[in-house]
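A.B. asks: What follows is each chain in one-letter form.
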Amino acid sequence: NAGVTQTPKFQVLKTGQSMTLQCAQDMNHEYMSWYRQDPGMGLRLIHYSVGAGITDQGEVPNGYNVSRSTTEDFPLRLLSAAPSQTSVYFCASSLVTGTGYYEQYFGPGTRLTVT
Amino acid sequence: ILNVEQSPQSLHVQEGDSTNFTCSFPSSNFYALHWYRWETAKSPEALFVMTLNGDEKKKGRISATLNTKEGYSYLYIKGSQPEDSATYLCARNAGNMLTFGGGTRLMVKP
Numbered sequence: 163n164a165g166v167t168q169t170p171k172f173q174v175l176k177t178g179q180s181m182t183l184q185c186a187q188d189m190n191h192e193y194m195s196w197y198r199q200d201p202g203m204g205l206r207l208i209h210y211s212v213g214a215g216i217t218d219q220g221e222v223p224n225g226y227n228v229s230r231s232t233t234e235d236f237p238l239r240l241l242s243a244a245p246s247q248t249s250v251y252f253c254a255s256s257l258v259t260g261t262g263y264y265e266q267y268f269g270p271g272t273r274l275t276v277t
Numbered sequence: 121i122l123n124v125e126q127s128p129q130s131l132h133v134q135e136g137d138s139t140n141f142t143c144s145f146p147s148s149n150f151y152a153l154h155w156y157r158w159e160t161a162k163s164p165e166a167l168f169v170m171t172l173n174g175d176e177k178k179k180g181r182i183s184a185t186l187n188t189k190e191g192y193s194y195l196y197i198k199g200s201q202p203e204d205s206a207t208y209l210c211a212r213n214a215g216n217m218l219t220f221g222g223g224t225r226l227m228v229k230p
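Top line first, the protein sequences correspond to chains W and H.
Heads up, the first sequence is in the working numbering, so the first residue is 163 and it goes up one at a time.
Heads up, the second sequence is in the working numbering, so the first residue is 121 and it goes up one at a time.
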């Protein structure tokens with residue numbers, strides 16, 4: 163049971179390049195989400211998914227796309243990288259109930275630098 | 121309160137001191153309040169998820185209380201140890217979204 167895995171751990175991009183951050187979980191969790199962590203700003207929600215085929219925007223979705231074709235995988239795509247997207251990205255998953263959520267399980271993070 | 125706010129931003133205590141921090145959040149459309157512990161260079165780990173007004177949770181020396189009517193939660197650490205040094209995050213769950221506060225960074229000096 164690997165929990166939540168993320169690849170790559172580190173990435174450097176040039177402005178305008180695109181890339182996909184991978185996230186996978188093996189706990190059969192319905193809910194998956196992507197956050198970015200910037201100094202002094204805590205964790206901000208980018209996109210989330212409540213199940214395969216269902217995605218929605220969080221607080222800071224601009225410049226990012228997601229898809230959820232399987233329960234296990236939730237990739238995050240940067241369409242045209244900008245220096246403002248330099249951040250640490252965390253993927254998380256949890257079970258979901260009708261009254262709220264169980265605790266989130268976080269991946270190890272991807273540190274992205276855009277030059 | 122429009123956002124989730126945590127205070128203080130940082131806190132230095134001596135080993136053995138007891139301490140507490142505050143999480144304030146909008147009380148409308150409330151589902152749950154989460155607390156996470158986040159050590160440097162690691163991922164956040166869940167401490168508590170609380171849903172009911174008046175909830176109290178405890179895990180070892182760490183406990184938390186919840187007041188959903190006035191929109192606040194307290195996290196208490198009794199007899200702080202150096203290994204308690206971390207950032208403590210709270211998050212409000214409303215609908216399908218978790219909104220995190222900025223965290224309280226705790227440093228415990230031996």
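Treat the hints as calculated values from the structure; they're not laboratory data.
Here the structure is a predicted model, which is why all the values come from computation and not from measurement.
Where hints are given, some of them may not hold.
Partner residues are not named here, just some residues of chain H that face chain W (Cβ under 8 Å, in silico) [what the hints assert, rightly or not]:
no., residue
1, S144
2, P146
3, A166
4, L209
5, L218
6, G222
From the three backbone atoms N, C-alpha and C, an ideal C-beta is built for every residue, glycine too.
A.B. asks: Which numbered hints does this structure break?
C.D. replies: Those not satisfied are hints 1 and 2.
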